[in-house]
Amino acid sequence: MARTVLIIEDDVRVRRMVQLTLQREGYQVTEAATGAEGLARLAEHPADVVLLDLRLPDQDGLEVCRAIRRAGPTPVVIVTARADSDDVVAGLEAGADDYVTKPFVPRELTARIRAVGRRAQPDDGPTSLTAGDLEIAPLAGTVTRDGERIELTRTEFRLLTELAAGAGRVFSREELLDRVWGYGYFGDSRLVDVHVLRLRKKIERDPAHPAIVTTVRGMGYLVPG
Amino acid sequence: MSGPGRPAWRHTLRGRATLTITAVTVALSAVLAVGVWLAVSHYLLVGRERATLAQTVANAAQVGRALPAPGLSPEQLLAQLPRETGSTSLLARDDRWLTTSLRVGRDDLPAALREAVAGGTPARQRFALQGGTALAVGVPVEGGDAAYFEVFPLEELDRTYTVLAAVLAGAVLATVPVSLLVGSWATRPALRPLDRVSAAAAAVAAGDLSARIDPRGDPALEPIAASFNATVAALEERVRRDARFAADVSHELRTPLTTMLGALALVEGAADDLPEDGREALGMLREEVDRFSRLVADLLEISRADAGGGADALEDVRLAALVREALARRRRPVPLDLGEGAESAVVRADKRRLERVLGNLLDNADQHAGGVTCVRVEADPPRARVLVDDAGPGIPEEDRTRVFERFARGRGRERVPSGGSGLGLSLVTRHLRALGGEVQVTGSPDGGARFVVTLPLAEEQPCGS
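These protein sequences, in sequence, are chains A and B. The numbers in the numbering used here rise by one with no breaks, and the one at position 124 of the first sequence is 159. The numbers in the numbering used here rise by one with no breaks, and the one at position 9 of the second sequence is 10.
Please note that a few of the clues may not be correct.
[Said to hold, decoys possible] Calculated Cβ distances over 10 Å to all of chain A for the following chain B residues:
no. : residue
1   : Q63
2   : T161
3   : A172
4   : L192
5   : A201
6   : L337
7   : E439
[To be verified] Covered by chain A, per the in silico footprint, the following chain B stretches (three or more residues, Cβ under 8 Å):
no. : segment
8   : 247-260
9   : 265-273
Keep in mind the hints are simulated off the structure, nothing from the lab. Everything numeric in this text was worked out from a predicted model, so none of it was measured. Virtual Cβ for every residue (Gly too), placed ideally from N, Cα, C.
Using the sequences and the hints, build the whole thing.
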């Protein structure tokens, strides 16, 4: 279970409120008011989940997000006041696993943090899977091609595992949202699309002509069986 | 090209230009016709007078020579004089008048002429004779107390005048349609730039603020195009700024709202420790904060709903399925009624917008009218309809347009906080406009209000279901 959450947010009241809420749920919360401070905190004490406001005083939240992603696979939930597609998609493309939009209610926030935290844990299931020429070890959380390891974020890994476990079956976006992100119908299917694109960039030999994770027009995604 | 409010053709620039051209042409041709008339009639009259004068003088000389000579009687003399057909010779001698015609006698001649000739002066005069005009020429006969007159009817000349006048008047009249046609044809290329201006202005009026006039190929258009384009650009910028302002306000309110929602949830977690009045106050705070957050969300949406266009993801949406899903999300079950063919009705729309439309209509019924009693989907090619009936008292006829305005409130009623932002129905209108549909409110058979959403069906209905 995710126990430590780092919150990078410039508004002191929101920061404090999130801290109060999460502490009540049993999380340990560390906080940072700027991007630089947040990255420094993360280097000192690794967190299980990072809650990152995209609007920060010192630098672009997207930059911070990329920096966290470069440093490791820590799940990132971005916080944005702009639910416009541009902002959310940019955040997801910068490596975020999920997002919440202000104003969020505490229940929503803890649900998201719990969901990405859960995804960070190895899942029960088969011990080994294949997708195309990839070897997937769900328990170890590794993907290899010809013995060479491919680095994926946890969300990308979960996505690939779900698709590979049901190889030959088409998954709709809603289904993937539910299985990977743990939402019902209400989720945003852009989450799926952006993550599939990012996953392809890492695992496909030619991301423009995907062979491992293919699109079924109007239906969803498929790992051919 | 035609429509209500379109000015009469004669008030358009092209109409006025054509009419001016026509008026000038007609005036010019009238002046020309009058000139021709004057010149020709003068020429004809002068020629005629000269000819008659010469004949009369010659005849008078002959009479003067023959009269004193014995032989012919004056009557015979007159009769054999060479004359034009229709002309009459008269001879006055010692107060005795001889005439070659029964129709023309002494009394027919003008007195002034008779006196002048009697006084020894040759004279001529035009005068009215038996309903026509005639020319009389009188010459004193040489060597005697006699005077010779000849009367020429001018009917021939009058007829010539009539024909000439008719031809000229006809020509003037004919210039009217001709110059209308020519004017209309000639002003078309000259005013074509204005067509471009009016097309652009109409596009702007219809809400397309990106419309601009392309002045290329027409130097005359450049100044007006430049100022028109600048004006529309300023307008577009202004509208965009207003929308951005609404969006910015909404965004700025989100951070404090987040704190409020979080703090409220924390306090609610400890509500059991509060006294009774404290709990009631907390309940009120919760309702107002919820309403406030709905207002903030709707405020942003309204700035975006108007933007439309590019951000829309149009797809084929099975209307009945979408409505069913929307209803399934409600806390209370709502009966769904499907008309014939409604199950397979497909509309081309942005799913999010359509979901907002339904959500807002259902919220509206919950907040203002005691909930939804029935939702019905109908297919009526080329349209599809969604009918949302509520359990309220209905909306009076005079308020049925007003309910779609922003922050519209029931008239003359106590203001009970409803939890609505006051923007919901306005958003419904805007979303539907962006989708090419519309919404109206009528009465339901049970006396409640019925909101009718109309959407165009997708052009190609998929086969099967």
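Verification of the hints:
1. Q63: 118 Å, holds
2. T161: 89 Å, holds
3. A172: For B/A172, whose nearest Cβ neighbour in chain A is about 73 Å away, the distance exceeds 10 Å, so it holds.
4. L192: 45 Å, holds
5. A201: Its Cβ never comes within 10 Å of chain A, the nearest being 30 Å, so this holds.
6. L337: Non-interface label stands for B/L337: nearest chain A Cβ at 17 Å, farther than 10 Å.
7. E439: Given that every Cβ of chain A is farther than 10 Å from that of B/E439, nearest at about 26 Å, it holds.
8. 247-260: Answer holds; 7 residues pass the 8 Å Cβ test.
9. 265-273: That given contact holds, which follows from 3 residues of the segment 265-273 of chain B lying within Cβ reach (below 8 Å) of chain A.
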